[in-house]
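Protein chains in written order, with the working numbering: chain A, 1 to 676; chain B, 677 to 890.
Do not rely on the hints blindly, as some may be mistaken.
Said to hold, decoys possible - If you anchor each label on the Cβ, the simulated ranges turn out as follows: (1) A:Thr-645 <-> B:Ala-716: 38 to 48 angstroms; (2) B:Asp-724 <-> A:Gly-656: 55 to 65 angstroms; (3) B:Ser-744 <-> A:Val-499: 49 to 59 angstroms; (4) A:Pro-473 <-> B:Arg-752: 48 to 58 angstroms; (5) A:Gly-656 <-> B:Asp-767: 51 to 61 angstroms; (6) A:Ala-673 <-> B:Asp-767: 55 to 65 angstroms; (7) B:Ala-734 <-> A:Asp-502: 41 to 51 angstroms; (8) A:Thr-630 <-> B:Gly-761: 37 to 47 angstroms; (9) B:Thr-815 <-> A:Pro-473: 38 to 48 angstroms; (10) B:Gly-761 <-> A:Val-499: 34 to 44 angstroms; (11) B:Leu-783 <-> A:Thr-645: 55 to 65 angstroms.
Just so you know, these hints were derived from the structure itself, not from any lab.
No residue lacks a Cβ here, since even glycine has one placed at the ideal position from N, Cα and C.
Single-letter residue listing:
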Amino acid sequence: MRLLALFTLCFSVCLGLAGSAQAAYTPTPNDWACTNKVGGTWTHGRAPSGCDASAFGPDSFVRGNYTGVIFSDASSSLVDERKRYMQAMYPVIRDASQRYLLSRKPAVSARELEAFQRGTYATLRQETFWSHYRDAQLSAGQPYVLKMMRGDSGHGHGMMQVDDRYHFVQLQEGKGWNMMQNFTYAIDIYYDAWQAAPNACLGGVTTPTGTTAEIDAYWRSRARSAWSAYNGGPTKVCRWQNAADVNVAKDNGYRDNYDNRLWLVDVADTAKAAAIDVNCLMDNGPQCPVPTGGSVEPGKLLQVGAAACVLNGSTLECVDDVRDAACLAGRASFDDSSITPVYVAQTAGYARIDHNRHQLCRAQVPGLQSLASAISTTQPLDLRSAPDGMVLGQAAAAGAQQQKRLYRIRAALNGALTDGWIDAGDAATHATKAVGAAPTGPGAIAYAGDWVKVVPNLNMRATPGGALLVAIPAGTAVQVKEVFGTASANNLYYRVEYVHSDGVLREGWIFAGNLYPVSTLANWAVPTTAPSLAKHAHCPNGTRYDHHARQCMSGSQAYGPFTAAAQQACVDGGGGAVCTANRATVIDGVAVAMPIWSKALAAAASGNGDCPRGAARSMAHRFHCTEAVTRNGVAETDVYGPFGTALVNACLARSGNAAWCRTNRWPAAAFLALQP
Amino acid sequence: MTAPIKKTLLAALALTGLLSGMPAQADLQLRAGGMVYDTATNLTWLADAGLGGLRTQADAALWAEALSFGGVDDWRLPTVAPVNGIALQLDYTEDGSTDVGLNNAGLNTELGYLYYVSLGNTAAGLTQTGDFAGLVDPTNAIGPVFWTGTASEPGWGLAFFMGMGLQDQLSSDTLGQAWAVRVGDVAAVPEPGSVALMLAGLAAAAGVTRRRPR
């Protein structure tokens, strides 16, 4: 049975997320640390979207401290559940907003308190429809799992929508996940604007006088000012007064929420007592109650939310799911017989790298198939709705030793394409379960070097989901330099180069669609041919650059140069004279000496890693694969291609037409000398 | 200078002129009009290996077949017959036991035999070029690469890298050097430059002889 594996692993380069970054902009991708994302409805308690709350802290903490304020999708009546939920939430927000304002302004008037609370309620309605925790299903038949509200492509955390690009450190400390911490942290921002509003845009008035309607209008203006700044930043405190501002619809939306108070539709008793310990949760955050996690130590496999991490020096190296813990084996040694849960707050003092599992795992786990690759099952395998054994705690015990391969695939079952999971074996058995196969159709995703044409006008951003650079007009062909997949829905991003109408060549990321649950790739960027004679790699006639093998390949042969480690593996495997022989071919009309191996020999010797055997990706070399070698007693570094036409031409010019410029391996010094 | 010494010098010059008109290798004989005959293989090669220029394999074959040179028009590209007599073996070896690699020096491969046996080169690289021109690429130690007329796989053909004595396969749309060869000898007439030198030597020898009775 031939299967198209759509959701296994993909080629890409890791995006390091520096946990030590401070309030400055952090280029988190869309849906950072968002697993099993679910949608929702624009009704109280169910706003889209939601991601596993466990990514940031243990569910047990939430269920133990926030009983009653978790919306349950499992309820037989979502209308009844909405009213129940809002009845529980209202006193919480009422008490929390009062407690906050009294702590900041002990002598605040009752009228200002009432206005501040109303402004807070309107903010919650405007931001998330009062949504924070929710028990929800990934799809019908799946278990209900605790989710946390994530809006704005996953950047907004919690009911107050704290943005991970600007509050990255604080979110790791629970300011998104812990609902009352989310509220307290965010209302600080609202309050600052509340206080700034009189001088900024209300004529300096702090205690309004006049008719009741005039006084009401004043407090309404204070609330509108506070929200304009909350939404747009502290300089936008008077934005709502400018009818020509591009955000006027947002500001008017907030005004309508403030005026209409539609939250009251779902609240029967505004005087009811809160059912949770608001004070403790506001004051103590994750220490309420005191957590009972383990400690962060070297040699331990740590469970941090949904992520698995190991301490490597002073840096936590993580993958976003415990099931991928085996992939960390190459980063630091650890005891894989147990996993130690720790709270996110305990890790805040460490630098943190969240590895892209699509890259890291391929490098560490032999035979692992990549995202969008085709596989061929060699025996009947159960297709499951969820990967058995992937629950937290079990995968780690199986992790590094067994290296179980769990693939989410799309398979034809009785003529219908069906998504599901297969257990494709472990280190000992994987080769008998599922192996790589030639795709039966066009590739599902582009790889580095491919050309794609953007379908709509598409924003190019500095990072995946990051700061906007320019918009690429619909129909423009761009070359893919790198592929990045994020989150369990496999949101794909391509790094591309693009010359805008201003003549400036820019490099940035475009969104390329999702693979799951339905592929939307064709809506964003579709394969196209290179628009010029420029090549992304230079190969002999009759061959093409294979982005999986990272070599020029004909139907039967692979063209070197190969890594020293691959060459040694070839020799060790009995490959004979061809392993070390310099044969010859012609590239761009020039005879070039290089090893040429059969494809089978090259595959065995070079391995199935993200880079050829012995090589690893290097950020210092623009994410090319590099290998450290010693030649004639001198330590050198080789950089492996592909090298595009512009680079090859520059190399030829600089080196005096050196033959190696046309090959797939360059000296690192020569490569670096050509970088801008 | 005394008269006896002059006579001896003239005789030496005459002998030098006669020797220079002979081919450098015993099996390769220069023919008039820019051809070289290999007595061991009974093949005649164009002396200027670069005459055909860079072509795809098919274009190179067409060029050779259309060539009329030295009064003959049965030129073709050199060929490779399977070393095992049955079918081409495309695994790389360095002992000539397959059809790809180094030391393919048997009569089955016309370029290989010429390189290794007739010219006397080794797998260490090209050092002997005989009377041929165009066998060396001064900018590339492993080139030039010459097409054979033999297909190896669909879309691929065997070629010979003259700088390193390597027989290997290339995609047939690769631009390689076209070099023509034909079976048999052409009229064994020395080339004009050698003839002139030889005549000078003969004339000098005749002068010495004519004066001797006097």
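### Task
State the violated hints by number, sorted upward, taking the hints as numbered earlier in the document.
2, 5, 6, 10 and 11
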